[in-house]
Amino acid sequence: MSEERRTLTGIPASPGLAIGRAFVYNRRFADIHQRPIPSGNVEEEIERFRDAVNEALNDLTQLQRRIAVDIDQDILKIFRGHQAVLEDPEVVDVTIVRIRREKTNAEYIFDEVMRGWISSYSSIENPFFRERTADFEDVHYRVLAKLTGSARPRIEATEGKVVLVAHSLSPSDTAEINRDSVCGFITDAGGQTSHTAIVARGLAVPAVVGANIATQEITDGMMIIIDGNTGMVHLDPDPETVGRYEETQSQLSVLEHELQELHDLPAETRDGRRIELSANIELPGELEDVLNHGADGIGLYRTEFLYLVRNELPSEEEQTRTYLDIARRMAPHAVIIRTLDLGADKMPTQMPDEANPALGQRGIRLCLNRPEMFKVQLRAILRASVEGNVRLMFPMISGIHELRRAKALCDEARGELLEAGIPFDQSIPIGIMVEIPSAALTAHDLAKEVDFFSIGTNDLIQYTVAADRGNSSIASLYNPCHPAVLRLVASIIDAAHDNDIWVGVCGAMAAHPLAACILLGLGVDELSMSPIDIPEIKSLIRSADYQELKTITRDALDLPTSEEIMRFLKPYQPRTELDVSDMMRT
Amino acid sequence: MRPAEQLVRTASRFESEVTLVKDTVPVNGKSIMGVMMLAAEYGSTITVEIEGPDETDALEAITEMFDQDQEA
Chain A
29 MSEERRTLTG IPASPGLAIG RAFVYNRRFA DIHQRPIPSG NVEEEIERFR
79 DAVNEALNDL TQLQRRIAVD IDQDILKIFR GHQAVLEDPE VVDVTIVRIR
129 REKTNAEYIF DEVMRGWISS YSSIENPFFR ERTADFEDVH YRVLAKLTGS
179 ARPRIEATEG KVVLVAHSLS PSDTAEINRD SVCGFITDAG GQTSHTAIVA
229 RGLAVPAVVG ANIATQEITD GMMIIIDGNT GMVHLDPDPE TVGRYEETQS
279 QLSVLEHELQ ELHDLPAETR DGRRIELSAN IELPGELEDV LNHGADGIGL
329 YRTEFLYLVR NELPSEEEQT RTYLDIARRM APHAVIIRTL DLGADKMPTQ
379 MPDEANPALG QRGIRLCLNR PEMFKVQLRA ILRASVEGNV RLMFPMISGI
429 HELRRAKALC DEARGELLEA GIPFDQSIPI GIMVEIPSAA LTAHDLAKEV
479 DFFSIGTNDL IQYTVAADRG NSSIASLYNP CHPAVLRLVA SIIDAAHDND
529 IWVGVCGAMA AHPLAACILL GLGVDELSMS PIDIPEIKSL IRSADYQELK
579 TITRDALDLP TSEEIMRFLK PYQPRTELDV SDMMRT
Chain B
127 MRPAEQLVRT ASRFESEVTL VKDTVPVNGK SIMGVMMLAA EYGSTITVEI
177 EGPDETDALE AITEMFDQDQ EA
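Here the protein sequences line up with chains A and B, keeping their order. For any residue, its number in my numbering is found by taking its place in the first sequence, counting from 1, and adding 28. For any residue, its number in my numbering is found by taking its place in the second sequence, counting from 1, and adding 126.
Chain A on its own, in the form it takes in the complex (with noise of 0.2 Å):
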């Protein structure tokens, strides 16, 4: 057998490596038949059609009710939406009306209506309402079993662990899979966000989906090893690479368990400076991934999201949901809230072409020309604030008049929900990104009416040097060590603490483990950056010296080009605890 028809690649969507023996699972239904029904017997067809839909819909709360205990808020979404499509007259009214006027079975109605339906989805375009239709064939099946009688293939009857192989999982299946008897999944359909992905990740067990024909070669009983941060899957592999990955788990096991030993410690350098390490977010799904590599909090929401999903402006009650939702979650940790910092090229509404996005209407600009627009995600924010953990940072800000005038939307929209007698955090902390070089220069003067900083690195970099970081033949020029940046970046530290603020850094920079010293070194409170990197850089930082790094980089910043400072700080960075970065990212 040749070396491809022994490997499947399908999607990675959660981590993790499994071995075992397959258990292939499908969906058997006794075939649909059409069927006439005497006149005098419709009636009674049609409340069978009804108890069935029913005993659906309380299964459904049962459910529920099982799942809030041990899983997932976004699951119960999902069986919610499951009743809703039992409640919907163009289901349910529709497939009685059909009965009655047909003459015909339930079953073979109920099954059209719900063909119809998942056909019609099935060729949508957005992704996200394509995939529906798994949740629609799931309610199709859960009444189709309950009038025809059959019952789900039950999983937990199975010996030993298992890969659990199908087509498409519905969030039915998975809710109702015996953990102790699944070590992984394999799907043919699905992406990342699927329901398979989301409940395995819940679940910790690895998990590769969109496999495509998995189940057509994969048989029950077959040795499987899936490794869900590749994506890749070994059907019946030979005993070296069994115990390759074997090995491998192993490894990544006593990884795991140092991480998550680092996981409960503070970002505290070994003199005693403790920093902030928090996390940045675009998506409320990340929150799992901040929590679980051991995050102190939301250092950069990223808002632009919700603006960019539809081709509409979220409302004010979604955005404060959605906010909400993050701080809860976060709590009591800190969540800094960056307004919407999109160019006027991306907004939903469209407005006139700028030949020059990057220099154009972009960020706090966009917002303070379109106040309403802005004011509704004020609101929103402040209305999250409530929850006592929220922080408010205003991006682009170039110079006081637009810090001014954002803060005085800021105060109108505070009044509005005063008048509304809607409850918010008086006091919530106001910051801004400083990310032009006209804000670092002016610090001193921003520092004194905001409550905190937090250094865009990507963009402050992009401007001070003038060069595009995508645009590869100046690649070099963006350099986050050039003299010019590290001594902005020193002047708006400074700034900031003759002012008694905090100041972090929520750009790149922060991650990368050399300048994450320098940082440090000028005296930095917080560093965020995605959830990933965190255990690196906490490692890095647990094994630094934070006077030795402070006497030395303000040395480092005399000198005159990035390599020079790059040679000079090389020996003074730690050798870490833990040396993550590798076996992470492999």
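Rather than coming from a laboratory, the hints here were simulated on the basis of the structure. Hints are not guaranteed to be accurate.
Stated by the list, open to error - Which residues of chain A face chain B? A few of them, derived with a C-beta cut under 10 Å, are:
1. V113
2. E115
3. D116
4. P117
5. W145
6. R160
7. F164
8. E346
What the hints assert, rightly or not - Pair ranges (Cβ atoms, derived):
9. B:M191 / A:E382: 33 to 39 Å
10. B:L185 / A:A436: 18 to 24 Å
11. B:M191 / A:H525: 49 to 55 Å
What the hints assert, rightly or not - Computed far set for chain B versus chain A, every beta-carbon distance over 12 Å:
12. G160
13. V174
14. T189
15. Q194
Note that CB positions come from ideal geometry on N, CA and C, so glycine has one too.
Given chain A, put chain B in place with the hints provided.
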């Protein structure tokens, strides 16, 4: 998702038939499946037809809902 749910909930409060029409395709305004399908392809004009004993009230409620959504 949200606006679709909201519309269905509002429409379902009334006895009148509420029909959304997009590109001559009519959809029952009380059906989450139908409304969600229209919502999936945002950006086109949708006509709302309301017919029944409480059509005036229904129109008012639905218009108000859209206005609020617009503003927000």
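Now for the hints, and whether the structure bears them out:
Satisfaction of the interface hint for V113 of chain A is found here, the shortest Cβ-Cβ separation to chain B being roughly 7 Å, below the 10 Å cut-off. A least Cβ separation of about 8 Å between E115 of chain A and chain B falls short of the 10 Å threshold, and the interface hint therefore holds. Using the Cβ-Cβ criterion of 10 Å, the hint placing D116 of chain A at the interface with chain B is satisfied: the shortest such distance is roughly 5 Å. Evaluation of the P117 of chain A hint against chain B yields a held restraint, the C-beta minimum of about 6 Å falling below 10 Å.
A distance limit of 10 Å between C-beta atoms decides the matter here; for W145 of chain A the minimum to chain B is near 5 Å, and the interface restraint holds. Restraint check, R160 of chain A versus chain B: the minimum CB separation of about 7 Å is within 10 Å; hint holds. Checking F164 of chain A against chain B by beta carbon gives a least distance of about 8 Å; that is within 10 Å, so the hint holds. A cut of 10 Å between beta carbons decides the hint on E346 of chain A: the least distance to chain B is about 6 Å, and the hint holds.
Checking the proposed 33 to 39 Å range against M191 of chain B and E382 of chain A shows it holds: the Cβ atoms sit about 35 Å from each other. Between L185 of chain B and A436 of chain A, the C-beta spacing of about 39 Å breaks the proposed range 18 to 24 Å. Here the CB-CB span from M191 of chain B to H525 of chain A is close to 50 Å, well matched to the stated 49 to 55 Å. A Cβ of chain A approaches the Cβ of G160 of chain B within 12 Å, the least distance being about 6 Å, so the stated non-interface status is violated.
V174 of chain B, annotated as away from the interface, keeps every beta carbon of chain A farther than 12 Å; the closest lies near 17 Å. The beta carbon of T189 of chain B is kept farther than 12 Å from every beta carbon of chain A, the shortest such distance being approximately 16 Å. Listed as a non-interface residue, Q194 of chain B fails to keep its Cβ farther than 12 Å from every Cβ of chain A; the least gap is roughly 8 Å.
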